[in-house]
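Participant: Each chain is listed here by its residues.
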Amino acid sequence: MGEKVLEVEHLRTEFKQEKKKYVTAINDVSFTLNEGEIVGLVGESGCGKSVTSLSIMRLLGDTSGRVTQGKILFKGQDVLSLSNKQMRNLRGGRMSMIFQDPMSSLNPVTRIETQMMETLLLHRTKDKAQARRMAAEMLKKVGIPDVETTLRSYPHQLSGGMCQRVMIAMSMSCDPQLLIADEPTTALDVTIQAQILELMKKLQREEKTTILLITHDLGVVAQMCSRVLVMYAGRIVEEAPVHELFYNHRHPYTQGLIDCIPKIGSGVRRLPSIRGSVPDLALMPAGCKFAPRCPFASDECRKNEPELLPYEGDPTHLVRCFRTKEVLS
Amino acid sequence: MGKYVVKRILSAIPLMLVISFLIFMFIHLIPGDPARLIAGMDATKQEVETIRRQLGLDKPLMAQYFIYMKGIFHGDLGYSIKNNAPVASVILPRFKPTIILTICSMIWATILGVFLGIIAAVRRGKPLDYLAMIIAISGISVPGFWLGLMLIQFFSVNLGWFPTAGLTMAKSYVLPSITMGCGIMAILARFTRSSMLENLRKDYVRTARAKGMSEPKVILKYAFRNSLIEVVTVAGLQIGGLLTGSVMTETVFSIPGLGRLLVDSINFRDYKVVQALLMFFSLEYIIINLIVDIVYGFLNPKVRYQ
Numbered sequence: 001m002g003e004k005v006l007e008v009e010h011l012r013t014e015f016k017q018e019k020k021k022y023v024t025a026i027n028d029v030s031f032t033l034n035e036g037e038i039v040g041l042v043g044e045s046g047c048g049k050s051v052t053s054l055s056i057m058r059l060l061g062d063t064s065g066r067v068t069q070g071k072i073l074f075k076g077q078d079v080l081s082l083s084n085k086q087m088r089n090l091r092g093g094r095m096s097m098i099f100q101d102p103m104s105s106l107n108p109v110t111r112i113e114t115q116m117m118e119t120l121l122l123h124r125t126k127d128k129a130q131a132r133r134m135a136a137e138m139l140k141k142v143g144i145p146d147v148e149t150t151l152r153s154y155p156h157q158l159s160g161g162m163c164q165r166v167m168i169a170m171s172m173s174c175d176p177q178l179l180i181a182d183e184p185t186t187a188l189d190v191t192i193q194a195q196i197l198e199l200m201k202k203l204q205r206e207e208k209t210t211i212l213l214i215t216h217d218l219g220v221v222a223q224m225c226s227r228v229l230v231m232y233a234g235r236i237v238e239e240a241p242v243h244e245l246f247y248n249h250r251h252p253y254t255q256g257l258i259d260c261i262p263k264i265g266s267g268v269r270r271l272p273s274i275r276g277s278v279p280d281l282a283l284m285p286a287g288c289k290f291a292p293r294c295p296f297a298s299d300e301c302r303k304n305e306p307e308l309l310p311y312e313g314d315p316t317h318l319v320r321c322f323r324t325k326e327v328l329s
Numbered sequence: 001m002g003k004y005v006v007k008r009i010l011s012a013i014p015l016m017l018v019i020s021f022l023i024f025m026f027i028h029l030i031p032g033d034p035a036r037l038i039a040g041m042d043a044t045k046q047e048v049e050t051i052r053r054q055l056g057l058d059k060p061l062m063a064q065y066f067i068y069m070k071g072i073f074h075g076d077l078g079y080s081i082k083n084n085a086p087v088a089s090v091i092l093p094r095f096k097p098t099i100i101l102t103i104c105s106m107i108w109a110t111i112l113g114v115f116l117g118i119i120a121a122v123r124r125g126k127p128l129d130y131l132a133m134i135i136a137i138s139g140i141s142v143p144g145f146w147l148g149l150m151l152i153q154f155f156s157v158n159l160g161w162f163p164t165a166g167l168t169m170a171k172s173y174v175l176p177s178i179t180m181g182c183g184i185m186a187i188l189a190r191f192t193r194s195s196m197l198e199n200l201r202k203d204y205v206r207t208a209r210a211k212g213m214s215e216p217k218v219i220l221k222y223a224f225r226n227s228l229i230e231v232v233t234v235a236g237l238q239i240g241g242l243l244t245g246s247v248m249t250e251t252v253f254s255i256p257g258l259g260r261l262l263v264d265s266i267n268f269r270d271y272k273v274v275q276a277l278l279m280f281f282s283l284e285y286i287i288i289n290l291i292v293d294i295v296y297g298f299l300n301p302k303v304r305y306q
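Chains A and B, in that order, are what the protein sequence lines are.
According to my numbering, the stretch in the first sequence is residues 1 to 329, in order.
According to my numbering, the stretch in the second sequence is residues 1 to 306, in order.
Keep in mind that a hint or two might mislead.
With a cut-off of at most 16 angstroms between alpha-carbon atoms, the simulated EDC-like pairs for lysine to aspartate or glutamate come out as follows [said to hold, decoys possible]:
(1) B:Lys202 - A:Asp101
(2) A:Lys201 - A:Glu37
(3) A:Lys85 - B:Glu215
(4) B:Lys202 - B:Glu215
(5) A:Lys201 - A:Glu183
(6) B:Lys221 - A:Glu113
(7) A:Lys75 - A:Glu37
(8) A:Lys141 - A:Glu206
(9) A:Lys141 - A:Asp175
Don't read these hints as lab results, they were simulated from the structure.
Turn these sequences into a full structure, and let the hints steer you where they fit.
Facilitator: Put into structure tokens, the structure is as follows:
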């Protein structure tokens, strides 16, 4: 196991709703990312995955959210105490991010070359010609066939898959140590999705980048990740190595998610789903946040919130549930 | 891009022809017989007929239109009855004041309007936003004639800083420009603000921040650069309105410009001058739209590459 790249400790992010009224979007989120691993962060929409990533990047500024508790250590450095300028040096350089919708994530009025060079000029070199060469090289690396034409293109002239390749090239161009990929393939069709994932894996192997892969697709997780964090209602409810998670999960929510994957030849006609939906941030239930939707919930679950604890003393498998014994894998 | 520009210019020609036809027909729909007006109320029928034939008014309408258009292509806009001079010589000296006034108003209104809009969007919900929007709303709500009179009263009569009327020196343009540009400044401020707010929420702005770009660059190179496409469109339409809208300001400040000439000519039924002025205002609208379209093409690659 390599060096720790990112340590998130008891992170809590709140959003302002009305005057002086805050709702908690994520609470007590703790996890560690080690060098060179791909960790999946899964959960339904609205469970706090993106808020977690934006908190780490300190990009909550354009929303009403703010981190109110906890620590984010990047290579041992406290991200939350950095000045804005120091943070800007980190962002896009050693710590970068790609987003869900590649078409709208690129500036529509500037050429690809300008957008790629901007990042390089901010972090790697002051020489424009060199920045352009580096951009071209990076595009070649992500498998873009006609590099020169692509560099001269505007985003609307490229397909979604191409745009995402450009985004990946851009975010990887400064050799980041941490890449946060927020649903990088959700907006793409399945064949392109596979290519993009393969590309990310290849780059990760070559550059030893740590990737936090945010997704709601457990298939993607199985293919890519070595470790998985399952999030529900702003909390991590289970954390385990990928194999352990699929075959020996202990949280009823994880089980629910896995049951929702269609299986070939299982004979089940109707695909199961988790009944209900993620609770409203302002109306969080007391006790375990999953209790209202949980088939195993008891009175204890509704009263007290369980803590995230090792399952049967295994420090790599953490679960937040009172009734782990009853959840059958 | 060159192809795009040529296409836009060529498409303006038929439009201008249609407009010239409509203007010609509408002028002839105005009640009143110019021949009778010239000859006077006590002229005999025969005298009126003679004048009518002299003016070519006895010919069919279509023939008159073609004669008129032929004249235009030869630089002959007709004869002003009121001034007893060719229309061109009546209009030409009036151009300068109106155009200078328009340019001055447009420059300060655009700069201040866009600036206020950006500040308001970036400081959304903060005191600066409210201040900018109060300025903008006042700018829209204050009627131009009242503002003009108030400015004269305060700055010219009370303080004596500027002349009260006419165009005797460079300073004379200050108060009319303020009066004329106020509404546009306000419209642009509000428009820039809403467009900026929309663009600041876009995904690519988040990407720019994730790249580590500084906030002023994010605002100008990403959000404002995209807002500019819409702002230019609105600004262009406003300039068109300014040239024609100078009527009121020119009257309040007694400026011998095109706007006042139009009012005077309508009052005196000086048809040829009215006709020429309307043609000019239409042409000016078309040219400004053309410029906006071309600038738009430069700003928006999606348009350019279609």
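Participant: Each hint needs a verdict: does it hold in this structure or not?
Facilitator: Hints, verified against the model:
no., hint, in the structure
1, B:Lys202 - A:Asp101, "holds, 11 angstroms"
2, A:Lys201 - A:Glu37, "holds, 10 angstroms"
3, A:Lys85 - B:Glu215, "holds, 10 angstroms"
4, B:Lys202 - B:Glu215, "holds, 15 angstroms"
5, A:Lys201 - A:Glu183, "holds, 15 angstroms"
6, B:Lys221 - A:Glu113, "holds, 15 angstroms"
7, A:Lys75 - A:Glu37, "holds, 15 angstroms"
8, A:Lys141 - A:Glu206, "holds, 11 angstroms"
9, A:Lys141 - A:Asp175, "holds, 13 angstroms"
In this structure, every one of the numbered hints holds.
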